[in-house]
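Engineer: Please take these sequences and the hints and turn them into a complete structure.
Sequence order for the protein chains is A and B.
Letter 48 of the first sequence, counting from 1, is numbered 48 in the UniProt record's numbering, and no numbers are missing.
Letter 368 of the second sequence, counting from 1, is numbered 368 in the UniProt record's numbering, and no numbers are missing.
Think of the hints as simulated: they come from the structure by calculation, not from any bench.
Some hints here could point you the wrong way.
Here are some chain B residues pointing at chain A (derived, C-beta under 10 Å) [to be verified]:
id : residue
1  : Tyr132
2  : Pro293
3  : Val332
4  : Arg340
5  : Ser354
6  : Lys370
7  : Phe402
8  : Asp409
9  : Ile411
10 : Tyr414
We put the CB at the ideal spot given by N, CA and C, even for glycine.
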Amino acid sequence: MNINEELVDHIAHLARLSFEGEAKDAIIADMKKITDFMDKLNAVDTDNVEPLIFMSDEINRLREDVPAQTVTHEEALRNAPKKDSDYFRIPKVLDK
Amino acid sequence: MYKTFAEVKLALKEGATVESIVQHYLTEIENRKSLNAFLEVFTEDVLAQAKEVDAKIKAGTAGKLAGMVVGLKDNICYKDHKVSASSRILEGFESIYSATVVQRLLDEDAVIIGRLNCDEFAMGSSNETSYYGPVRNAINEEYVPGGSSGGSASALAAGLCTVTLGSDTGGSIRQPAAFTGTVGLKPTYGRVSRFGLIAYASSFDQIGPFTNNVEDAALVMNVISGEDEYDSTSSSKPVEDYTNISFEGKKKFAVIKDAIQMDGLDPEIRAAFNAQVEALKAEGHVVEEVSFPYLDVMVPTYYVITTAEASSNLSRFDGVHFGYRSEDAKGVEATYKQSRTEGFGAEVKRRIMSGTFVLSNEYYDSYYTKAQKVRRVIQDKTNEILANYDFIILPTTASTAFKLNSVTDQIQMYLQDIFTVQANLAGNPAISVPAGTHSNGLPFGIQIMADHYKEKELLACAEHLMKK
Numbered sequence: 001m002n003i004n005e006e007l008v009d010h011i012a013h014l015a016r017l018s019f020e021g022e023a024k025d026a027i028i029a030d031m032k033k034i035t036d037f038m039d040k041l042n043a044v045d046t047d048n049v050e051p052l053i054f055m056s057d058e059i060n061r062l063r064e065d066v067p068a069q070t071v072t073h074e075e076a077l078r079n080a081p082k083k084d085s086d087y088f089r090i091p092k093v094l095d096k
Numbered sequence: 001m002y003k004t005f006a007e008v009k010l011a012l013k014e015g016a017t018v019e020s021i022v023q024h025y026l027t028e029i030e031n032r033k034s035l036n037a038f039l040e041v042f043t044e045d046v047l048a049q050a051k052e053v054d055a056k057i058k059a060g061t062a063g064k065l066a067g068m069v070v071g072l073k074d075n076i077c078y079k080d081h082k083v084s085a086s087s088r089i090l091e092g093f094e095s096i097y098s099a100t101v102v103q104r105l106l107d108e109d110a111v112i113i114g115r116l117n118c119d120e121f122a123m124g125s126s127n128e129t130s131y132y133g134p135v136r137n138a139i140n141e142e143y144v145p146g147g148s149s150g151g152s153a154s155a156l157a158a159g160l161c162t163v164t165l166g167s168d169t170g171g172s173i174r175q176p177a178a179f180t181g182t183v184g185l186k187p188t189y190g191r192v193s194r195f196g197l198i199a200y201a202s203s204f205d206q207i208g209p210f211t212n213n214v215e216d217a218a219l220v221m222n223v224i225s226g227e228d229e230y231d232s233t234s235s236s237k238p239v240e241d242y243t244n245i246s247f248e249g250k251k252k253f254a255v256i257k258d259a260i261q262m263d264g265l266d267p268e269i270r271a272a273f274n275a276q277v278e279a280l281k282a283e284g285h286v287v288e289e290v291s292f293p294y295l296d297v298m299v300p301t302y303y304v305i306t307t308a309e310a311s312s313n314l315s316r317f318d319g320v321h322f323g324y325r326s327e328d329a330k331g332v333e334a335t336y337k338q339s340r341t342e343g344f345g346a347e348v349k350r351r352i353m354s355g356t357f358v359l360s361n362e363y364y365d366s367y368y369t370k371a372q373k374v375r376r377v378i379q380d381k382t383n384e385i386l387a388n389y390d391f392i393i394l395p396t397t398a399s400t401a402f403k404l405n406s407v408t409d410q411i412q413m414y415l416q417d418i419f420t421v422q423a424n425l426a427g428n429p430a431i432s433v434p435a436g437t438h439s440n441g442l443p444f445g446i447q448i449m450a451d452h453y454k455e456k457e458l459l460a461c462a463e464h465l466m467k468k
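Structural biologist: Quick look at the structure:
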């Protein structure tokens, strides 16, 4: 698999990560190794095989829709890096 | 030294208090600080809990696990206590609820002594990816304890608590159990609720116990197993009494030929395994070699699907709602990117990148869907073997523990899971029990795998092998 800088930048953006300088060289090299490793899957014949998606044999676990408060407003905000009494706070989106 | 719950109960009968037992463990934890197994000891809290349990014992109202002192892997939530998945991104985070497994242990009067170091987000096989530094193996501190539940394994091996909980996504309970001479069980997918376990790969993850004997694993499983309304993948099948076990009659064991013949398998581990096989045969059991031609593709299959699931699960760490936020980020997108880039370690970022890659539009079918198909092939073949045999037995790992910083190639590290990952790919229960000591002084294990929901048979077989 040809892993180039353009592809890594694209994937990094999708993953909301950034790699610069040495870190970028390292991730390009790692992803080359990893995709070569993953390419081993092509050795297995999977014609007419359905993908295995669900590991649980439980189906349609239905329940009554009963309203309940499981998390309070205060609890939800408790671990926020920045907050005021009601809201999560983020840095300014627009600079003057 | 209280190595087992039976020893704790005997001490209680002879007049010891739960508080004194906790004090003993607290002293041991202090003595073995160099292991770096505990990220936090809940000293005040656990002593208060112990006093409450002592009062209940006096009143005759104590639960089944009164006196059991439990350590939690740092990816299992405990209300109003810190939990970090050994990551910078969750530094300082306090859980607002308890995992179902924790609540069930507390309801039976076990006490929780602290949280245990692990690989960051349970991604690793040596406990070297933790933001809080590596854990050392209690048997020999120059060596790794295995991973990702390395703190859980090393703490138990050092006698720092009665039992510990870990989580197993590709071998993260069984491999460190083998490396530390302890018993480690990965239950059937769905047997134990994952509610309150910080997710790595949701279709693989299972919580399970580390113990010094099979009886304690059974006791813990009796309490933590079973349906949970908060985890829709938890099984509604009734839980059997895992302590009421017997290993009777002649059993059929399958040995995966391809694994035993593998070049990288340590000759001493192979010899000890073969001796076990001969002993089972001498008792009249049937042990046969079977072919499983997917050994080479198991870890790659695991890697494609788990990284895909991880990239999705870890998207919740955004620097806004909880956890670490980069100080210098301007605007929302930069907040996401910088917080995640600074908050996650190298191995976690590698896996998020791999997972995002296999899920991206252009590569979805050729990697992700392909791996899901291979997963079915592996599950079908595993089911086929277990339709004809009671158990599959293998060495748990190809080698004993290795020295810290000695495995630097990621692919070599991923191959640590080569014998354990089959149980996670196919959803089966599997257990590692100690199988001997190598001439290098380190322990190794034997792994038993059984059909789905056959934990009872698995534990009975494990007990039988341990007695020998």
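Engineer: Work down the list of hints and note, for each, if the structure agrees.
Structural biologist: A quick look at each hint next to the structure:
{"no.": "1", "hint": "Tyr132", "result": "19 Å, violated"}
{"no.": "2", "hint": "Pro293", "result": "9 Å, holds"}
{"no.": "3", "hint": "Val332", "result": "6 Å, holds"}
{"no.": "4", "hint": "Arg340", "result": "6 Å, holds"}
{"no.": "5", "hint": "Ser354", "result": "5 Å, holds"}
{"no.": "6", "hint": "Lys370", "result": "5 Å, holds"}
{"no.": "7", "hint": "Phe402", "result": "20 Å, violated"}
{"no.": "8", "hint": "Asp409", "result": "8 Å, holds"}
{"no.": "9", "hint": "Ile411", "result": "5 Å, holds"}
{"no.": "10", "hint": "Tyr414", "result": "7 Å, holds"}
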